[in-house]
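**Student:** On the provided structure of chain A, position chain B as indicated by the hints.
As a plain string of letters, each chain reads:
There are 2 protein chains.
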Amino acid sequence: MENICIGIDIGGTTVKMGIFNTSGKLVKKWAIGTSKENNSASVISDIASSVQEVLHEQSYTLNDCLGIGLGVPGPVLPSGYVEVCVNLGWKDRYPARELSQMLSGIPVGLGNDANIAALGEMWQGGAKGFGDVVLITLGTGVGGGVIIDGKIAEGRHGIAGEIGHMHVINDENEYCNCGCRGCLEQIASATGIVREAKRVLAADTMPSLLRKHKEHISAKDVLDCAKEGDAAALKVIKKVCRYLGIAMSHIAYTVDPDVFVIGGGVSKAGEFLLKMIENEYEKYVKLSKAKPRTVLATLGNDAGIYGGAKLVFNMASVQS
Amino acid sequence: MENICIGIDIGGTTVKMGIFNTSGKLVKKWAIGTSKENNSASVISDIASSVQEVLHEQSYTLNDCLGIGLGVPGPVLPSGYVEVCVNLGWKDRYPARELSQMLSGIPVGLGNDANIAALGEMWQGGAKGFGDVVLITLGTGVGGGVIIDGKIAEGRHGIAGEIGHMHVINDENEYCNCGCRGCLEQIASATGIVREAKRVLAADTMPSLLRKHKEHISAKDVLDCAKEGDAAALKVIKKVCRYLGIAMSHIAYTVDPDVFVIGGGVSKAGEFLLKMIENEYEKYVKLSKAKPRTVLATLGNDAGIYGGAKLVFNMASVQS
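So the protein lines, in turn, are chains A and B.
117 is the number that the numbering used here gives to position 115 of the first sequence; each next residue is one higher, with no gaps.
217 is the number that the numbering used here gives to position 215 of the second sequence; each next residue is one higher, with no gaps.
Same shape as in the complex, but just chain A:
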């Protein structure tokens, strides 16, 4: 049989899995529910059983598999240690070692899910062909992953790529989940966009298409109205893009990537959003005329399984 590898993305609701061949083609994709009982104690053994079952179904053996790349929704230390994973209820776990032991000692790589998604977008997604890539995920929160020279910048304390918590707003009075005030996530996440829109609408009585949604405004409503030229919505989105541009300038002055990949639900606003982000970025980086590209993520929810597979190919130094 040809060699394969497996990418696995553990989320709070489902565990996504994919078998890839060495050309980077997704051969088989499936998912199982994340069993949260007893602090998600059985997730790793559920994965092990499911992997064996599907490999068998697909007429593969563990020996055909070069390894597994595993993404978890929390900080991972260089040793593979997961001190806490809030979404799963895990404490003091070594998930990769556990999975490896259950699967005859197969190599298992581990990483934070956002970092691994960045690797996926670099390998087969929006940043294909580039080596220095930063993924920014604009969803319920703001996440990110940093790839330098084709490899994840893991960081030493589990916070590399946590760009949602960059302090960019000086006059924010509410607290972020992390305990600070003024984090990027407080303005540039879907939640942040909605909150800012409500603030803008409450501040005066300017007419706005957004007012018809009353208390039930979504981030998509704000983006849609901004596209239609609604002044209040545009004000919100410009502020969002300003702070995204500032955060990206910080990243550029640190690692100066080839490309920023914008993903997550908010990125569905597409080129409209990219253009505004680029305009704002340029206001804060005048040292170099050449600048990173800004592109949309293309793998969606599959970025994590692609990245997990690529993690294995990086480990195995297999041509891909």
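No lab work stands behind these hints: they were computed from the structure.
For clarity, every value in this text was computed on a predicted model and none was experimentally measured.
Subject to a maximum C-alpha distance of 30 angstroms in a straight line, what follows is the list of computed DSSO-like cross-link-like pairs (lysine-lysine): (1) K288/A <-> K93/B; (2) K153/B <-> K288/A; (3) K241/B <-> K285/A; (4) K240/A <-> K288/B; (5) K241/A <-> K285/B; (6) K288/A <-> K241/B; (7) K240/B <-> K288/A; (8) K291/B <-> K38/A; (9) K93/B <-> K293/A; (10) K200/B <-> K288/A; (11) K240/A <-> K285/B; (12) K241/A <-> K288/B; (13) K288/B <-> K38/A; (14) K293/A <-> K153/B; (15) K291/A <-> K38/B; (16) K153/A <-> K153/B; (17) K285/B <-> K288/A.
Cβ-to-Cβ under 7 angstroms is the rule here; a few derived chain B residues that face chain A: (18) I150; (19) I161; (20) M168; (21) G181; (22) I253; (23) S290; (24) A292.
For every residue, glycine included, the Cβ atom is placed at its ideal position computed from N, Cα and C.
**Tutor:** Showing chain B alone in chain A's frame:
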């Protein structure tokens, strides 16, 4: 003869050079003036002559030398191309290729001087023993270098590690040399400290030890007075450290290094300054209790030649 390599740091006034053995010991150190005539056209050939002369004096040949690592005071693109180097007047140069050709094709590595200094501090300086290191140089300007996994994060557009130009101040009205307003360098450089001190003294009539210096305040005066508890000086230095802390939090949320190394003239204020920087940093990073160390640079002006030598060992994959 034992193998050696050479680190070279091209500055606006002098070119520093050093011969190192494979154990990382500095065997011979010397300098020549930087000839600025005709847009510093002869600097590379001056270096080539001087290297040959000193190697001969020290009874080495070019064949004993594994290579040369060259630091230049400006942005370097991945191809080794230097589009502009303002301090030297260079335009459109490939300095490493030029030097290599003059020295029988010996391998020559090239990098931005601040990045190479960071590599030096990682190898034999304040960050010895660590692999993920960020150097912050507080001098006339604010420079920096980022090392990931023992190697320089070069960046793709020549601005990696240019942390002096991170936008951190929102209410700055004057422009930075880069064309933006609110850069870290505008407050945390020696120049920035003096300017801020003058602003604080002008703002009211509070008594301060600084007033005796009148218009001739230096950054050292401000730091010395702050150490003695002078309220005005402390106000300035706290603000400096606040913005340094914020910039370091941006860096941590991007690459999460083992250690920050603080160098440059301003860092002579020592532990007093480090403590204040660490206090401010902690206000902006609450996501992880574990945090990077903050240490002082120890190689001073020799960081560049150490880093140049290490660049060669990285190229040559020689044990060091």
